[in-house]
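There are 2 protein chains.
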Amino acid sequence: MDIALIVGYLASICSMTSFVPQVWKIIKTADTAAISKRMYAVTVIGFALWSVFGVMRMEWPIILTNLVCFCLSAFIFVMKILPQGRRSQLAAKLDPDR
Amino acid sequence: MDIALIVGYLASICSMTSFVPQVWKIIKTADTAAISKRMYAVTVIGFALWSVFGVMRMEWPIILTNLVCFCLSAFIFVMKILPQGRRSQLAAKLDPDR
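In order, the protein sequence lines correspond to chains A and B. Taking this note's numbering, the leading residue of the first sequence gets 6, the next gets one more, and so forth. Taking this note's numbering, the leading residue of the second sequence gets 6, the next gets one more, and so forth.
Treat the hints as calculated values from the structure; they're not laboratory data. Values in this document were obtained by computation on a predicted structure and should not be read as measured data. A few of these clues could be false.
One copy or two, either will do: identical chains are not told apart, so a pair holds if it fits within one copy or between any two.
In silico SDA-like links for lysine to any residue, alpha-carbon gap of 25 Å or less [to be verified]: (1) K30 / I11; (2) K42 / L10; (3) K30 / M63; (4) K42 / R92; (5) K85 / A39; (6) K33 / I18; (7) K42 / L15; (8) K42 / Y14; (9) K42 / D102.
Work out the full structure, taking the sequences as your base and the hints as a guide.
What follows is the structure, given as structure tokens:
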């Protein structure tokens, strides 16, 4: 049994779920004031590069994690750079309770 | 030349620097309102697990990135859970311009 792979998948679950509350919070509040735009720009590029690294090493925990995180962080980045009106509109559209 | 290693180090630089603006913003503003506490709790655990995974695979880009990100995300998490007074105090102490 490959213990490193198990640790990798646990780490993968943490990395992926760590973005979900942030995405959820932005959908509920449409508030991105304390989110750093530069942080997310670099984050999105980073996840893209990690995905390429994962494919080159054929390490599935790395590939899966970084593809999912790429999509989630790209969403947060788009919400951050949208004007307030468009952001609120999109958040309302995505919020199942509204 | 190991191209995967180069991609890994580029990804590593992105992951590490992506946290710096967020850390900086929190030091300057002491504002963590839009930061998700749950996100950072899971993030900190995730970086710890990725560090272990990196050591098991002896992949230096993974080890370096995740140790640095572990420290930075742990700092953001601590700032988030501190009461406002203590957070402002600590931010003022760390801000070189104040």
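Verification of the supplied hints:
Taking identical chains as interchangeable, the C-alpha atoms of K30 and I11 are never at most 25 Å apart, the minima being 30 Å within one chain and 35 Å between chains. When the C-alpha separation of K42 and L10 is checked against a cutoff of 25 Å, the pair qualifies neither within a copy, at 33 Å, nor between copies, at 28 Å. Neither within a single protomer nor between protomers do K30 and M63 lie at most 25 Å apart by alpha-carbon distance, with minima of 33 Å and 36 Å respectively. Taking the shortest Cα distances, K42 and R92 sit within 25 Å of each other both inside one copy (14 Å) and across copies (22 Å).
Taking the shortest Cα distances, K85 and A39 sit within 25 Å of each other both inside one copy (10 Å) and across copies (12 Å). Proximity of K33 and I18 under a CA criterion of 25 Å is satisfied intra-copy only: 23 Å inside one chain copy versus 32 Å between copies. For a Cα distance limit of 25 Å, the shortest separation of K42 from L15 across copies, 20 Å, qualifies, whereas the shortest one inside one copy, 28 Å, does not. Taking identical chains as interchangeable, the C-alpha atoms of K42 and Y14 lie at most 25 Å apart only when they sit on different chains, with a minimum of 22 Å there against 29 Å within one chain.
In this homomeric assembly, K42 and D102 come within 25 Å of each other (Cα to Cα) only across copies, at 22 Å, whereas the closest approach inside a single copy is 27 Å.
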